[in-house]
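Enquirer: This is what each chain is made of:
Number of protein chains: 2
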Amino acid sequence: MKSTRPLFRRSPKQWRMTRTRQVAAVGNVKLHEDDIVSTTGFRTKHLRLSLHDFAIIVPVLDKNRFVFIWNYRHPIQGWELELPAGLMDDGEGPETCARRELREETGYSARNWTNIGWLHTTPGISAQRAHVFLATGLRKGKARLEPYERMNTRIITVKKAYQLLHEGKLVHSSTVSALSLAEKALLRTPSVEKDSRGWHHRRHI
Amino acid sequence: MKSTRPLFRRSPKQWRMTRTRQVAAVGNVKLHEDDIVSTTGFRTKHLRLSLHDFAIIVPVLDKNRFVFIWNYRHPIQGWELELPAGLMDDGEGPETCARRELREETGYSARNWTNIGWLHTTPGISAQRAHVFLATGLRKGKARLEPYERMNTRIITVKKAYQLLHEGKLVHSSTVSALSLAEKALLRTPSVEKDSRGWHHRRHI
Numbered sequence: 269m270k271s272t273r274p275l276f277r278r279s280p281k282q283w284r285m286t287r288t289r290q291v292a293a294v295g296n297v298k299l300h301e302d303d304i305v306s307t308t309g310f311r312t313k314h315l316r317l318s319l320h321d322f323a324i325i326v327p328v329l330d331k332n333r334f335v336f337i338w339n340y341r342h343p344i345q346g347w348e349l350e351l352p353a354g355l356m357d358d359g360e361g362p363e364t365c366a367r368r369e370l371r372e373e374t375g376y377s378a379r380n381w382t383n384i385g386w387l388h389t390t391p392g393i394s395a396q397r398a399h400v401f402l403a404t405g406l407r408k409g410k411a412r413l414e415p416y417e418r419m420n421t422r423i424i425t426v427k428k429a430y431q432l433l434h435e436g437k438l439v440h441s442s443t444v445s446a447l448s449l450a451e452k453a454l455l456r457t458p459s460v461e462k463d464s465r466g467w468h469h470r471r472h473i
Numbered sequence: 269m270k271s272t273r274p275l276f277r278r279s280p281k282q283w284r285m286t287r288t289r290q291v292a293a294v295g296n297v298k299l300h301e302d303d304i305v306s307t308t309g310f311r312t313k314h315l316r317l318s319l320h321d322f323a324i325i326v327p328v329l330d331k332n333r334f335v336f337i338w339n340y341r342h343p344i345q346g347w348e349l350e351l352p353a354g355l356m357d358d359g360e361g362p363e364t365c366a367r368r369e370l371r372e373e374t375g376y377s378a379r380n381w382t383n384i385g386w387l388h389t390t391p392g393i394s395a396q397r398a399h400v401f402l403a404t405g406l407r408k409g410k411a412r413l414e415p416y417e418r419m420n421t422r423i424i425t426v427k428k429a430y431q432l433l434h435e436g437k438l439v440h441s442s443t444v445s446a447l448s449l450a451e452k453a454l455l456r457t458p459s460v461e462k463d464s465r466g467w468h469h470r471r472h473i
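These protein sequence lines map, in sequence, to chains A and B.
Counting along the first sequence from 1, when you hit position 20 you're at 288 in this note's numbering, and nothing is skipped either side.
Counting along the second sequence from 1, when you hit position 126 you're at 394 in this note's numbering, and nothing is skipped either side.
The set of hints was computed from the structure by calculation and includes no laboratory data.
Keep in mind it's a predicted model, so treat the numbers as computed, not measured.
Built from N, CA and C at the ideal position, the CB exists for glycine as well.
Hints may contain errors.
Straight line, CA to CA, 35 angstroms or less: simulated DSBU-like cross-link-like pairs of lysine-lysine [as the list claims (entries may be wrong)]: (1) B:Lys427 x A:Lys281; (2) A:Lys437 x B:Lys437; (3) B:Lys281 x A:Lys410; (4) A:Lys428 x B:Lys452; (5) A:Lys452 x B:Lys437; (6) A:Lys331 x B:Lys437; (7) A:Lys437 x B:Lys331; (8) B:Lys281 x A:Lys298; (9) B:Lys313 x A:Lys410; (10) A:Lys427 x B:Lys452; (11) B:Lys437 x A:Lys298; (12) B:Lys452 x B:Lys331; (13) A:Lys281 x B:Lys410; (14) B:Lys313 x A:Lys437.
Pair ranges (Cβ atoms, derived) [as the list claims (entries may be wrong)]: (15) B:Leu413 x A:Met285: 14 to 22 angstroms; (16) B:Lys427 x A:Arg287: 42 to 50 angstroms; (17) A:Met285 x B:Ser279: 42 to 50 angstroms; (18) A:Arg422 x B:Glu363: 28 to 36 angstroms; (19) B:Lys410 x A:Gly359: 43 to 51 angstroms; (20) B:Glu363 x A:Gln345: 23 to 31 angstroms.
Listed next, the stretches of chain B that the computed footprint assigns to chain A, with coverage defined by at least 3 CB atoms under 8 angstroms from CB atoms of chain A [said to hold, decoys possible]: (21) 298-304; (22) 378-387; (23) 404-418; (24) 432-443.
Please put together the full structure from these sequences, using the hints given.
Expert: What follows is the structure, given as structure tokens:
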């Protein structure tokens with residue numbers, strides 16, 4: 269069996285941290301200035317931003333459809349089409365977070381959960397990871413948005429979603445990445461719906 | 269002709285900023301705490317991180333190969349496989365940045381440049397964008413790394429790169445996104461090599 273380990277290696281280490289200074293701390297976000305020295309003796313400073321990891325979900329509805337959100341974000345002062353996602357609470361595991369966020373943001377809960385990978389969002393400044401989940405067997409419920417959240421659910425066919433992606437119309441990097449990771453998994457995932465003879469249909473993108 | 273505008277809208281605005289406070293400023297990175305009020309009168313605070321935009325390049329070499337870098341990053345304390353990329357200098361345009369970074373990080377320069385989209389890296393906290401470029405017609409030169417950069421060029425076939433992507437082995441979100449945006453463009457891009465009869469071959473992924 270082929271290795272499924274991601275292409276990420278801890279060694280050989282290139283930098284050693286000799287000192288770190290917290291420049292700012294607001295809520296769960298912390299900014300550090302690290303003094304680092306390389307294996308060749310070169311010394312420099314490096315910024316490091318501490319952010320919570322998050323979970324991002326590819327929720328597959330019946331009839332080859334995805335559940336997206338049309339999401340307003342203050343930092344970009346606008347709306348973009350995203351997959352449901354949210355930051356992990358302290359001590360919360362990625363899958364627990366994924367289940368909670370899908371329910372809170374869209375109202376849907378899912379029977380089947382598969383972790384299909386993880387990603388570094390901005391490794392030049394932060395070790396934050398996005399944990400990507402495929403969710404199938406969805407059941408509709410009621411969304412419970414936070415008072416600061418402004419988002420609406422959008423149901424989009426699998427075909428249309430990948431079309432938007434390849435046309436460069438999806439601008440949320442984690443959404444694009446998660447859909448790309450899901451592409452192969454979707455081809456392998458039997459539909460949760462069965463036809464009249466009890467056969468599973470495979471999803472085709 | 270179909271619209272190629274990305275799915276990103278500035279209106280209707282959901283939040284108005286009533287006050288902003290700079291919490292930290294280190295080099296080009298600034299952290300702000302914004303007081304915001306919603307259209308319904310709800311008041312809250314929102315963190316906003318100011319980061320320079322960056323350019324990320326999909327460099328297509330002859331024989332259906334890509335130029336990647338195996339890059340050590342201090343914040344993640346490890347190596348990952350990435351496409352060449354770099355932050356835009358003050359006043360620098362995305363394409364100028366892309367040309368400079370490809371040359372500095374890999375030594376390659378490219379005859380043909382196509383902007384194939386842009387992405388928000390972490391819209392929950394920052395308006396930073398990644399500008400994605402397809403570069404073809406490559407010519408080898410000498411890399412000029414910054415003293416703090418630790419990276420090595422890796423030549424990888426187009427087929428292998430998309431295989432790694434779909435297997436979840438690429439962990440750099442912007443690299444995964446850029447490759448996804450490039451997928452359709454690559455099918456449209458005639459190879460820069462001609463066969464003996466002068467015909468362009470199309471690249472197949």
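Enquirer: Confirm or reject each hint.
Expert: Evaluation of the provided hints:
{"no.": "1", "hint": "B:Lys427 x A:Lys281", "in the structure": "30 angstroms, holds"}
{"no.": "2", "hint": "A:Lys437 x B:Lys437", "in the structure": "25 angstroms, holds"}
{"no.": "3", "hint": "B:Lys281 x A:Lys410", "in the structure": "25 angstroms, holds"}
{"no.": "4", "hint": "A:Lys428 x B:Lys452", "in the structure": "14 angstroms, holds"}
{"no.": "5", "hint": "A:Lys452 x B:Lys437", "in the structure": "13 angstroms, holds"}
{"no.": "6", "hint": "A:Lys331 x B:Lys437", "in the structure": "29 angstroms, holds"}
{"no.": "7", "hint": "A:Lys437 x B:Lys331", "in the structure": "29 angstroms, holds"}
{"no.": "8", "hint": "B:Lys281 x A:Lys298", "in the structure": "28 angstroms, holds"}
{"no.": "9", "hint": "B:Lys313 x A:Lys410", "in the structure": "26 angstroms, holds"}
{"no.": "10", "hint": "A:Lys427 x B:Lys452", "in the structure": "14 angstroms, holds"}
{"no.": "11", "hint": "B:Lys437 x A:Lys298", "in the structure": "29 angstroms, holds"}
{"no.": "12", "hint": "B:Lys452 x B:Lys331", "in the structure": "18 angstroms, holds"}
{"no.": "13", "hint": "A:Lys281 x B:Lys410", "in the structure": "25 angstroms, holds"}
{"no.": "14", "hint": "B:Lys313 x A:Lys437", "in the structure": "30 angstroms, holds"}
{"no.": "15", "hint": "B:Leu413 x A:Met285: 14 to 22 angstroms", "in the structure": "21 angstroms, holds"}
{"no.": "16", "hint": "B:Lys427 x A:Arg287: 42 to 50 angstroms", "in the structure": "46 angstroms, holds"}
{"no.": "17", "hint": "A:Met285 x B:Ser279: 42 to 50 angstroms", "in the structure": "45 angstroms, holds"}
{"no.": "18", "hint": "A:Arg422 x B:Glu363: 28 to 36 angstroms", "in the structure": "33 angstroms, holds"}
{"no.": "19", "hint": "B:Lys410 x A:Gly359: 43 to 51 angstroms", "in the structure": "49 angstroms, holds"}
{"no.": "20", "hint": "B:Glu363 x A:Gln345: 23 to 31 angstroms", "in the structure": "25 angstroms, holds"}
{"no.": "21", "hint": "298-304", "in the structure": "holds (count 4)"}
{"no.": "22", "hint": "378-387", "in the structure": "holds (count 4)"}
{"no.": "23", "hint": "404-418", "in the structure": "holds (count 3)"}
{"no.": "24", "hint": "432-443", "in the structure": "holds (count 11)"}
When held up to the earlier numbered hints, the structure conflicts with none and fits them all.
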